[in-house]
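Going down the list, the sequences are from chains A and B. When the count follows my numbering, it moves up by one through the first sequence with no breaks and lands on 181 for the last residue. When the count follows my numbering, it moves up by one through the second sequence with no breaks and lands on 181 for the last residue.
Think of the hints as simulated: they come from the structure by calculation, not from any bench. Careful: at least some of the hints might be erroneous.
Any copy will do: because identical chains look the same in the list, a pair fits if it lies in one copy or spans two.
Only pairs whose alpha carbons sit at most 25 Å apart, straight line, appear in this in silico DMTMM-like list of lysine to aspartate or glutamate [said to hold, decoys possible]: (1) Lys165 - Glu49; (2) Lys165 - Glu121; (3) Lys165 - Asp103; (4) Lys165 - Asp136; (5) Lys165 - Glu28; (6) Lys165 - Asp70; (7) Lys165 - Glu31; (8) Lys165 - Asp76.
Just so it is clear, the structure is predicted and the values come from calculations on it, not from any experiment.
These are the residues of each chain, in order.
There are 2 protein chains.
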Amino acid sequence: MADGKTSASARRPSGQRRADAQRNIDNILDAGLRLYSSRPGVSVAEVAEAAGVGRVTLYGHFPSRTELAKALMDRAFEETEAAWRAVDTSGPADAALDRVLREQWHLMERNRNLRDNIIGDVSPQWLRQRHDPILRRIEELITRGQDEGAFRTDLPLSWLITALYSLVHAAADEITAGRLAAKQAPEVLSASLRSLYRQ
Amino acid sequence: MADGKTSASARRPSGQRRADAQRNIDNILDAGLRLYSSRPGVSVAEVAEAAGVGRVTLYGHFPSRTELAKALMDRAFEETEAAWRAVDTSGPADAALDRVLREQWHLMERNRNLRDNIIGDVSPQWLRQRHDPILRRIEELITRGQDEGAFRTDLPLSWLITALYSLVHAAADEITAGRLAAKQAPEVLSASLRSLYRQ
DNA sequence: CTTAACTCGAACATTGATGTACGAGTTTCA
DNA sequence: TGAAACTCGTACATCAATGTTCGAGTTAAG
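Kindly generate the complete structure, drawing on both the sequences and the hints.
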């Protein structure tokens, strides 16, 4: 679970948290994710209110804004890891990348926004350390595609990855702006990346 | 000039500003652009200090944070317009777009950062109104390329524009992160957009 | 040189956010 | 049921930012 040293208050002897406490923590993280991934400059008070919880209660579980931010990121990272485990990456890399994209693009997007809006609340090192494993998964997939001769090799690998994220982000922006229907997004994204990646 | 109703203090009868005042205004705008385009959350006090000017002096010229932001954006828009007037957009659209990109990508990038970091200081309507003319220039160029049969037509026009900006932004990020040499950026960008845009 | 424009620091009022302390109430769980 | 865990509002201290006021000094420009 996205825990670690989440709770500031001394937990009960059994090490278990009381049910209402756990419920509140979940609500806080849910609300926090929703707010943080939607806009910058979210305050702790806003998160508490959106979670239907007193501000003091929130501080009881997350001793500081930074700790709350870390918990949110941890949860998002785990969700991403789970999504990767769930997707089928066997077979040709280009088809596999397409599957990954179609199933995870909204998750990638949400987490990217979360990350953007949380910068300043956690150290760059901390962020990088958590984000690296995820980047490596995509990196492997692209490298495999290059080995198979499906993906281009004339551009830096890091650029291909960055461009991927960048276009996912752009697609979400288009949807938000009302210039692209959500249903069309996967197809547009997929077509764009096929063009961009192919040898 | 990026003026309008810039100055709050009553100007002299001649309508002219005194030379030292103009110098300070310029310094403030220079410093503001530098700071705002480099990171979010810039304070008025920081801009004043970076401009080598007292905070009160800054408020004398720009009555509020919002007015300062508007003046910065205005200046950036004018610079972009000037850049467009300076570039040769005649001949085949694909080659013209390539020229635009190579000569303006750093400007596009800086202004995009400025815009990102200034959101919240000005109203979306104001921003959109100023930004639209610039978007229209790119739009025309792409449409021409489609008419000439050089650019794809299977994706929405708005998406092609957004993708362009998005990749420019991504390229700048890569440079900042040290994963891409600044000299290589135009080539990488150009190659990527060729792939993405071609029929 | 004289005046009006301009600059400056210091001080103040206001606002909003963070984080803490307290004490009284409520809920879980054994 | 009873004790510990938990929640809540209120209140407080702190900090940083915005914007204003004042008055004394400096500088440009006719």
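Could you tell me which of the hints above the structure violates, numbers in ascending order?
-> 1, 3, 5, 7
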